[in-house]
Amino acid sequence: MAPFSAPTNTSNSTHIFTHFNFTTTRTSHFNLRKYFRYSNTASSRSFVISNVLTNPYQKLHQTSTQDGIGDALDVLVPDSASVSSSIKYHAEMTPSFAPEKFELPKAFYATAESVRDMLIINWNATFKYYEKINVKQAYYLSMEFLQGRALLNSIGNLELSGAYAEALTKLGHNLEDVARQEPDAALGNGGLGRLASCFLDSLATLNYPAWGYGLRYRYGLFKQLITKDGQEEVAESWLEMGSPWEIVRNDVSYPVKFYGEVISGPDGKKEWVGGEDITAVAYDVPIPGYKTKTTINLRLWSTKVASSEFDLNAYNAGDHARAYEALKKAEKICYVLYPGDESHEGKTLRLKQQYTLCSASLQDIIAQFERRSGSAINWDTFADKVAVQMNDTHPTLCIPELIRILMDLKGLSWKEAWNITQRTVAYTNHTVLPEALEKWSLNLLQELLPRHIEIIKLIDKELIDTIIFKYGTEDLELLQEKFKEMRILDNIELPSSILELLVKPEESTAVTPEADGEISVVELTNKEVESEGQDLDISDTDKKVKVTNEPDMELPKLVRMANLCVVSGHAVNGVAEIHSEIVKKEVFNEFYKLWPEKFQNKTNGVTPRRWIRFCNPELSKIITKWIGTEDWVLNTDKLVELKKFADNDELQSEWKEAKQIAKETVVSFIKDKTGYVVSPEAMFDIQVKRIHEYKRQLLNILGIVYRYKKMKEMSPEERVLKYVPRVCIFGGKAFATYVQAKRIVKFITDVGAIINHDAEIGDLLKVIFVPDYNVSVAEVLIPGSELSQHISTAGMEASGTSNMKFAMNGCLLIGTLDGANVEIREEVGDENFFLFGAEAHEIAELRKERADGKFVPDPRFEEVKAFVRSGVFGTNYDELMGSLEGNEGYGRADYFLVGKDFPSYIECQEQVDEAYRDQKKWTKMSILNTAGSFKFSSDRTIHQYARDIWMIEPVALQ
Numbered sequence: 003m004a005p006f007s008a009p010t011n012t013s014n015s016t017h018i019f020t021h022f023n024f025t026t027t028r029t030s031h032f033n034l035r036k037y038f039r040y041s042n043t044a045s046s047r048s049f050v051i052s053n054v055l056t057n058p059y060q061k062l063h064q065t066s067t068q069d070g071i072g073d074a075l076d077v078l079v080p081d082s083a084s085v086s087s088s089i090k091y092h093a094e095m096t097p098s099f100a101p102e103k104f105e106l107p108k109a110f111y112a113t114a115e116s117v118r119d120m121l122i123i124n125w126n127a128t129f130k131y132y133e134k135i136n137v138k139q140a141y142y143l144s145m146e147f148l149q150g151r152a153l154l155n156s157i158g159n160l161e162l163s164g165a166y167a168e169a170l171t172k173l174g175h176n177l178e179d180v181a182r183q184e185p186d187a188a189l190g191n192g193g194l195g196r197l198a199s200c201f202l203d204s205l206a207t208l209n210y211p212a213w214g215y216g217l218r219y220r221y222g223l224f225k226q227l228i229t230k231d232g233q234e235e236v237a238e239s240w241l242e243m244g245s246p247w248e249i250v251r252n253d254v255s256y257p258v259k260f261y262g263e264v265i266s267g268p269d270g271k272k273e274w275v276g277g278e279d280i281t282a283v284a285y286d287v288p289i290p291g292y293k294t295k296t297t298i299n300l301r302l303w304s305t306k307v308a309s310s311e312f313d314l315n316a317y318n319a320g321d322h323a324r325a326y327e328a329l330k331k332a333e334k335i336c337y338v339l340y341p342g343d344e345s346h347e348g349k350t351l352r353l354k355q356q357y358t359l360c361s362a363s364l365q366d367i368i369a370q371f372e373r374r375s376g377s378a379i380n381w382d383t384f385a386d387k388v389a390v391q392m393n394d395t396h397p398t399l400c401i402p403e404l405i406r407i408l409m410d411l412k413g414l415s416w417k418e419a420w421n422i423t424q425r426t427v428a429y430t431n432h433t434v435l436p437e438a439l440e441k442w443s444l445n446l447l448q449e450l451l452p453r454h455i456e457i458i459k460l461i462d463k464e465l466i467d468t469i470i471f472k473y474g475t476e477d478l479e480l481l482q483e484k485f486k487e488m489r490i491l492d493n494i495e496l497p498s499s500i501l502e503l504l505v506k507p508e509e510s511t512a513v514t515p516e517a518d519g520e521i522s523v524v525e526l527t528n529k530e531v532e533s534e535g536q537d538l539d540i541s542d543t544d545k546k547v548k549v550t551n552e553p554d555m556e557l558p559k560l561v562r563m564a565n566l567c568v569v570s571g572h573a574v575n576g577v578a579e580i581h582s583e584i585v586k587k588e589v590f591n592e593f594y595k596l597w598p599e600k601f602q603n604k605t606n607g608v609t610p611r612r613w614i615r616f617c618n619p620e621l622s623k624i625i626t627k628w629i630g631t632e633d634w635v636l637n638t639d640k641l642v643e644l645k646k647f648a649d650n651d652e653l654q655s656e657w658k659e660a661k662q663i664a665k666e667t668v669v670s671f672i673k674d675k676t677g678y679v680v681s682p683e684a685m686f687d688i689q690v691k692r693i694h695e696y697k698r699q700l701l702n703i704l705g706i707v708y709r710y711k712k713m714k715e716m717s718p719e720e721r722v723l724k725y726v727p728r729v730c731i732f733g734g735k736a737f738a739t740y741v742q743a744k745r746i747v748k749f750i751t752d753v754g755a756i757i758n759h760d761a762e763i764g765d766l767l768k769v770i771f772v773p774d775y776n777v778s779v780a781e782v783l784i785p786g787s788e789l790s791q792h793i794s795t796a797g798m799e800a801s802g803t804s805n806m807k808f809a810m811n812g813c814l815l816i817g818t819l820d821g822a823n824v825e826i827r828e829e830v831g832d833e834n835f836f837l838f839g840a841e842a843h844e845i846a847e848l849r850k851e852r853a854d855g856k857f858v859p860d861p862r863f864e865e866v867k868a869f870v871r872s873g874v875f876g877t878n879y880d881e882l883m884g885s886l887e888g889n890e891g892y893g894r895a896d897y898f899l900v901g902k903d904f905p906s907y908i909e910c911q912e913q914v915d916e917a918y919r920d921q922k923k924w925t926k927m928s929i930l931n932t933a934g935s936f937k938f939s940s941d942r943t944i945h946q947y948a949r950d951i952w953m954i955e956p957v958a959l960q
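This note's numbering numbers the first residue of the sequence shown as 3 and each following residue consecutively.
Accuracy of the hints is not assured; some may be wrong.
Here are the simulated lysine-lysine pairs, DSSO-like style, with alpha carbons at most 27 Å apart [stated by the list, open to error]:
#1 587 / 484
#2 331 / 472
#3 472 / 459
Label-pair distances were calculated between CB atoms; the ranges are [unchecked claim]:
#4 234 / 919: 46 to 52 Å
#5 316 / 168: 55 to 61 Å
#6 309 / 83: 42 to 48 Å
#7 463 / 854: 39 to 45 Å
#8 377 / 163: 54 to 60 Å
#9 261 / 182: 23 to 29 Å
#10 163 / 741: 54 to 60 Å
Keep in mind the hints are simulated off the structure, nothing from the lab. Glycine included, each C-beta is placed from N, C-alpha and C at the ideal position.
With the hints as constraints, model all of the structure from the sequences given.
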């Protein structure tokens with residue numbers, strides 16, 4: 003079934019068929035041709051249906067082909083007049099708004115639906131072509147897709163920005179104003195989700211056959227408010243008016259089961275019965291490629307139950323809660339991204355989310371494989387047609403789910419199902435943080451997914467057999483170590499069949515009299531007993547010792563999801579060169595020794611369409627002018643050509659002007675969002691990312707506090723000579739239950755409240771926390787940035803992608819040798835990157851030094867802590883400052899080495915000030931950062947995934 007055959011809404015259905023000349027009756031085609039008379043006055047904008055005239059897209063036409071694909075593809079690009087007609091049509095027919103007015107919200111929905119009409123043509127054709135040639139397809143499973151706004155990106159990829167801008171101008175609106183009406187799709191939180199969205203853009207642009215699968219979160223993660231108490235969370239409202247981009251597919255739904263029990267039939271076949279049943283329903287979102295007809299699909303699952311599950315008897319009896327209990331249980335699965343998991347209920351809900359994503363997606367993928375295979379289904383070819391990529395450990399349950407479907411529903415043997423699964427799935431690791439390598443309670447999994455635990459135990463047994471085959475049974479202590487490190491099941495006894503294999507001779511106890519009459523106990527092996535036993539009193543000579551693996555009753559029994567991914571997948575990749583080395587040498591070292599061929603590096607990337615071409619049009623024009631072509635948008639290698647012009651005065655002048663225009667936009671944005679007025683002449687110093695201790699926003703704000711303290715100790719003249727004016731901008735969300743991260747947010751906002759109202763300091767220093775940071779905010783801030791902070795504790799950031807976006811937009815970076823910083827520095831040049839801090843290989847020893855009480859803090863670090871504790875910012879922040887002190891203990895001992903790196907950090911910031919004073923040098927460094935960002939396009943990354951992991955080829959529509 004194609005992604006879109008006919009919308010549910012009748013008026014939309016007829017409209018789409020009419021506009022795009024799909025097969026319709028002559029009568030229906032005539033009756034829905036409408037002409038709109040448009041009036042625009044100071045008081046109102048309105049449409050009047052006047053008569054029946056022409057198709058709104060007059061320039062579109064079709065050329066029939068044998069397979070029908072040409073019907074959708076052979077279309078001329080619409081001009082502004084036909085675009086205007088289409089927008090007017092949707093303005094009249096969109097049911098969400100009153101017909102009398104054409105204000106901005108209505109203009110957005112009408113415009114978006116007009117664009118969606120264009121997308122559906124290529125979207126259907128893409129799907130139809132994939133079906134026709136039965137192409138191998140990649141399926142990207144992710145709990146997050148941080149899409150951002152879609153309007154400008156879609157019309158940009160369709161090369162219709164000019165036509166839509168002109169059409170909206172004629173209708174009395176500005177394209178940018180209309181685009182700002184669109185809420186960000188609340189389907190993600192940070193880099194994980196944004197990477198997934200960049201990948202979809204690149205997959206479509208490069209014509210790779212692929213789909214994304216995720217969940218349709220009604221309330222997102224949360225909308226962040228900044229108050230006097232710090233961060234507060236409220237539900238996102240992105241779906242209150244509905245999304246014009248998504249198409250509900252009531253004809254595409256799958257059953258998802260929880261709880262119940264597993265029974266065996268007479269033939270030994272397993273069946274999962276009983277329990278709680280819900281339905282996952284598909285919502286499709288077309289993803290267009292840039293300058294290509296390929297339009298792929300993001301399929302999001304929403305959850306519900308059948309109407310029969312509503313207990314009408316209970317409702318009429320007044321027991322309303324029981325009446326709709328089943329409905330609420332199902333619906334809440336897709337309410338919120340990452341629900342709090344400190345309670346048992348929260349953990350259960352998260353696991354339900356993950357399984358819903360995996361089960362619905364795998365059922366859909368298998369249904370597609372069966373449909374394309376026709377009557378002769380050959381399961382041996384499944385991995386030749388399907389590649390499943392797990393974006394982090396959240397989709398791990400797709401491994402046992404695929405095996406369950408193949409064995410229990412399709413009748414394959416364990417050996418067949420296990421072989422297919424290993425050839426089909428692959429795993430991307432995104433973290434080295436132990437708490438982020440998911441471990442689920444065995445008891446919870448056993449309760450919620452009983453069949454899957456059986457399958458996971460079989461996979462664990464396969465791993466144990468592999469370990470024994472690799473290392474033998476001679477050194478049982480070595481085997482014990484391998485099992486402890488590598489098993490999927492943690493703190494769980496070994497299978498009895500394995501225990502029986504692992505035996506060794508026990509030392510026998512022999513009793514012999516000494517000369518003085520004392521009794522001596524001698525330990526002999528069975529071999530020694532054979533030669534000496536004739537003269538000794540021997541007991542238990544035939545006794546053997548079994549290796550035991552008794553669980554520690556004080557510790558929980560866990561399932562290690564990352565280990566399950568590594569064991570079951572044919573490929574494991576890190577997301578930056580340094581991260582991939584840490585994965586091989588530390589995180590999964592034992593697995594690397596066992597299967598070195600599985601491990602790869604795929605450095606992350608970002609789409610140059612959204613992250614420079616569309617969000618920074620002024621700079622894009624300059625790049626195109628000096629390179630001599632716009633091909634860099636598809637081939638970022640061409641950005642390297644900027645290097646030869648880096649000293650050119652004319653380019654530098656244009657470059658600075660583009661940056662200043664972007665900064666002015668940021669100034670207006672900050673005033674609108676926070677009320678603060680900042681100077682566009684100051685350096686814009688930005689750190690925007692998820693709030694986490696390892697990302698060290700605390701180091702940044704302490705550096706600002708130290709700067710402020712030193713300014714206050716100087717005369718006005720000294721300050722101006724010593725310091726460059728700065729606007730220090732923060733943005734990012736702290737997870738709702740992450741107390742320390744929320745303390746950091748409050749500390750930043752409290753510091754800003756004092757500094758921003760200090761008349762002595764004035765424009766020399768401002769501190770801004772931008773609330774509710776998301777993709778659209780990033781698209782404003784990044785073009786206007788001049789210094790960006792990527793200052794995580796070395797070895798703890800897998801990659802980072804915001805560093806790539808900033809560098810691509812000519813922003814200089816200050817950071818540690820962590821994640822993709824290492825590779826960015828190599829490409830832009832050491833002299834164009836502000837480096838500080840301890841390196842990854844030093845971290846373990848530095849923590850040991852701290853634990854041993856040998857760390858001596860720098861006097862400047864002690865000075866800034868004392869200044870904070872003096873109460874100058876309203877309180878003493880005991881918990882926050884306390885986390886930086888002591889030698890051991892949870893939440894103490896400065897685990898993220900803020901104190902260790904603080905001296906190096908503030909000295910590096912002095913180098914930043916010095917460089918910024920020389921604007922010619924700074925501008926050259928900015929140009930070289932853009933030139934050096936060529937390597938960090940997601941197009942390059944996707945080519946590597948397609949070639950090395952998925953084994954898929956580009957398929958351009960014919």
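Practice item. Could you tell me which of the numbered hints above are not met by this structure, giving the numbers in increasing order? Key: Of the numbered hints, 2, 4, 8, 9 and 10 do not hold.
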